[in-house]
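K.L.:
Now for the letters of each chain:
Protein chains: 2
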Amino acid sequence: MSDNQTQSDLQKRIIKQARAARLAAPAIASSPLEQRNRALEAMAQALLDHRGPITEANALDVADAQKDVANGSLGAAFVDRLTLSEKRLGSMVSALRELVAAPDPIGAEDQAWMRPNGLRVAKRRIPLGVIGIIYEARPNVTSDAAALCIKAGNAVVLKGGRRALRSNRAVVHALRQGLEAAGLPADVLQFIDSPQRQSVQTLLEQEDYVDLIIPRGGEGLVRYVSQHSRIPVIKHYKGVCHVYLDASAKAQRSVDIMLNAKVQRPSVCNAAETLLVHTSRADDLLPQVAQALVEAGVTLHADERAMAALKGRFGDKCVPATEDDLYAEYLSLDIAVAVVDGLDEAVAHIQRYGSEHTEAIVTEDYSNAEAFLNRVNSSVVLVNASTRFSDGGQLGLGAEIGISTTKLHAFGPMGLKELTTTKFVIRGDGQVRP
Amino acid sequence: MSDNQTQSDLQKRIIKQARAARLAAPAIASSPLEQRNRALEAMAQALLDHRGPITEANALDVADAQKDVANGSLGAAFVDRLTLSEKRLGSMVSALRELVAAPDPIGAEDQAWMRPNGLRVAKRRIPLGVIGIIYEARPNVTSDAAALCIKAGNAVVLKGGRRALRSNRAVVHALRQGLEAAGLPADVLQFIDSPQRQSVQTLLEQEDYVDLIIPRGGEGLVRYVSQHSRIPVIKHYKGVCHVYLDASAKAQRSVDIMLNAKVQRPSVCNAAETLLVHTSRADDLLPQVAQALVEAGVTLHADERAMAALKGRFGDKCVPATEDDLYAEYLSLDIAVAVVDGLDEAVAHIQRYGSEHTEAIVTEDYSNAEAFLNRVNSSVVLVNASTRFSDGGQLGLGAEIGISTTKLHAFGPMGLKELTTTKFVIRGDGQVRP
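Residue numbers (the numbering used here), protein chains in the order written: chain V, 1 to 434; chain A, 1 to 434.
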């Protein structure tokens with residue numbers, strides 16, 4: 001069989017799967033919440049029942065990855081993310097069960113009105129239809145993402161990373177049994193069982209069958225997906241989050257918020273990457289915050305005015321910032337530091353260098369707090385709180401499917417509601433248009 | 001100057017314009033409603049003041065188009081759409097003034113809640129940022145689309161059809177003067193002054209500066225834009241709208257709704273394209289409705305069961321339907337007709353052949369009405385009313401920017417609200433994440 005032949009068979013299989021998901025979608029879209037919840041519980045139970053085959057499959061994936069770590073072509077952290085320990089499997093089961101308690105994101109009519117001709121119009125929340133999730137290593141995404149889509153009444157097509165292929169296959173096998181046990185068609189959960197990159201491209205072309213693509217992974221994956229997709233994509237690029245310490249900022253609060261925003265978990269998108277300080281506080285507050293950061297292991301990349309204020313007291317833990325530093329998403333124990341003349345310059349800096357993700361102001365000044373909330377159009381804007389609250393769970397959205405950094409459909413942390421849309425439901429008694 | 005040089009200059013100019021729109025966006029995003037309304041009024045006045053140059057420019061566009069009509073390369077209807085008569089200019093002015101009365105789509109916080117740690121969270125409606133509109137002949141779209149974007153606090157980049165270039169240039173010149181008269185930067189309105197197709201491609205690549213693309217035009221334009229854009233696109237494809245006459249449908253009501261849905265304006269997307277009739281009414285109601293349609297000049301494309309019921313009584317106004325007829329968006333005095341066994345088959349038919357645009361049921365049966373509303377997930381679903389109500393103005397959304405046939409961000413008729421997004425506004429008193 002030629003390569004072309006093989007590729008064509010793979011394409012046919014993916015098209016068939018996307019079509020099967022589309023055909024199964026109405027069954028789950030019209031299923032009552034009780035049945036979708038029963039399915040989540042059965043999926044959790046099936047993961048427990050299939051624990052054996054899942055961990056065996058995972059061990060094979062891990063063994064292959066370890067070979068590549070040994071020959072230096074893969075980082076050791078990868079193996080950790082790939083491994084489905086007893087504890088991780090337990091977390092997958094808990095996540096499914098917690099979702100049972102979440103309220104139904106579909107069915108509600110938040111708005112309804114009557115037209116002058118007596119037509120009654122309502123906007124009713126409905127599932128999106130079929131959602132494609134394209135992700136990288138972690139096999140727990142397989143059950144987490146599938147469960148969120150299913151809770152919201154959607155069919156789902158999963159394409160995981162090639163190094164987790166056997167693990168994902170075993171997890172999906174269990175989850176589909178759970179769906180069937182609850183009387184839902186197993187076809188609402190499709191898994192693209194192929195290590196080939198071409199399979200991603202084929203999935204991205206199924207605009208007749210798939211309503212939304214969510215890529216979960218690094219910037220390379222997200223860029224590839226968004227440039228090649230014919231289907232709408234919800235993207236997460238980067239988070240260059242700012243904390244601005246205003247003239248009236250309380251000192252201890254500034255230290256606490258800045259440390260939490262930078263140090264608590266530096267590798268995530270809602271960690272702070274730039275510290276802006278009002279010029280009137282360059283000589284008292286800035287050195288105090290800088291001291292705390294340096295003690296926590298952070299390297300400061302200071303602009304000219306910040307360098308002058310810090311007077312070289314932190315040695316090689318405080319280096320001159322380049323223009324690139326002001327744009328940087330470090331995801332490490334590094335932070336850019338700049339002194340600004342006031343709120344206007346802080347807002348202008350954020351508009352110029354920011355990524356519209358999350359920004360915080362620390363201030364006691366009412367007008368400046370409100371002006372910051374009004375003028376900064378990032379997805380999350382905070383007064384006197386850490387940027388680390390920019391997270392679906394922390395904001396009370398329930399489960400989080402991701403954080404959107406583009407403005408269409410969803411902007412910022414996304415919960416179950418963002419996996420739905422609305423239709424107009426209209427009740428008449430014979431109206432025709434004049 | 002070489003061709004490459006020219007193209008590169010064009011690209012640079014478009015990138016510069018997109019960037020200028022992005023830089024001007026914060027000024028309009030933070031402008032109070034009063035100022036945006038003053039701008040709309042000033043734009044209306046500027047159109048009146050520039051009536052002379054606008055009609056002169058339009059006359060040149062029309063003259064060129066007429067040459068192509070004369071040599072047969074263009075249809076005569078095109079010239080009509082292109083012509084800016086006194087009356088059309090008056091409508092453009094009225095549309096701007098009517099928009100002044102619309103409520104502000106930005107600023108509202110529809111949802112707000114408190115977290116257990118005391119953080120106050122709200123979702124506030126904000127402008128999308130920069131919106132690109134790519135459209136074909138009608139020069140009135142230039143002012144209509146610009147005004148909608150501006151009312152919703154957005155900057156806008158317009159790319160009109162090449163045959164209306166001089167008309168659009170003159171209209172934009174006037175509108176920008178109106179913006180400046182109200183103290184807003186003229187740069188919030190950008191016009192791509194080029195007849196070249198390449199300019200569309202360049203615009204579609206400015207994902208750093210443009211947040212949303214709305215193509216307004218035929219299926220070819222929409223497909224081109226959605227396949228080439230790196231920016232999210234809100235699409236309108238086709239409307240294959242169904243009317244289902246249930247077993248209990250009232251006869252006169254069925255005739256009225258069906259005539260209105262098919263005949264009142266057959267060329268639009270919310271006109272009915274398929275009539276479905278319950279088998280128990282194939283011998284009484286179907287012939288009566290068919291008679292009314294044929295008298296109104298409609299050709300029936302009947303499936304086997306409908307053909308049998310109609311017994312050839314309409315001669316060549318009733319022809320056998322092919323499979324393609326059931327998928328057809330005729331946009332003409334043609335309709336597909338099929339007999340179904342009941343609600344289940346009607347819903348299945350709509351899922352198979354429909355376009356998820358607009359579907360109506362005529363029934364007196366409570367359970368069937370509710371089941372139709374629940375099970376049909378098209379953007380607009382109606383009971384006992386004409387499909388022609390699937391329209392922003394008719395549904396009370398105020399001005400309409402278009403009808404989305406994809407489910408992301410907006411589904412169905414779109415008003416000003418669909419030109420906005422939301423940000424999370426969070427008020428704390430020192431909270432950090434544990």
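If you're looking for bench data, these hints aren't it; they were derived computationally from the structure. Keep in mind that the hints are not guaranteed to be accurate.
Identical chains share a label here; the pair holds if one copy fits it or two copies do between them.
Unchecked claim - With a Cα cut of at most 16 angstroms, we get these calculated EDC-like pairs of lysine to aspartate or glutamate:
{"#": "1", "residue 1": "Lys16", "residue 2": "Asp64"}
{"#": "2", "residue 1": "Lys238", "residue 2": "Glu219"}
{"#": "3", "residue 1": "Lys417", "residue 2": "Asp110"}
{"#": "4", "residue 1": "Lys16", "residue 2": "Asp193"}
{"#": "5", "residue 1": "Lys123", "residue 2": "Glu370"}
{"#": "6", "residue 1": "Lys317", "residue 2": "Glu180"}
{"#": "7", "residue 1": "Lys123", "residue 2": "Asp391"}
{"#": "8", "residue 1": "Lys238", "residue 2": "Glu207"}
{"#": "9", "residue 1": "Lys238", "residue 2": "Asp208"}
{"#": "10", "residue 1": "Lys250", "residue 2": "Glu400"}
{"#": "11", "residue 1": "Lys12", "residue 2": "Asp208"}
{"#": "12", "residue 1": "Lys250", "residue 2": "Asp429"}
{"#": "13", "residue 1": "Lys12", "residue 2": "Glu205"}
{"#": "14", "residue 1": "Lys311", "residue 2": "Glu98"}
{"#": "15", "residue 1": "Lys238", "residue 2": "Glu329"}
K.L.:
Can you give the numbers of the hints that this structure goes against, from lowest to highest?
P.N.:
1, 6, 10 and 14
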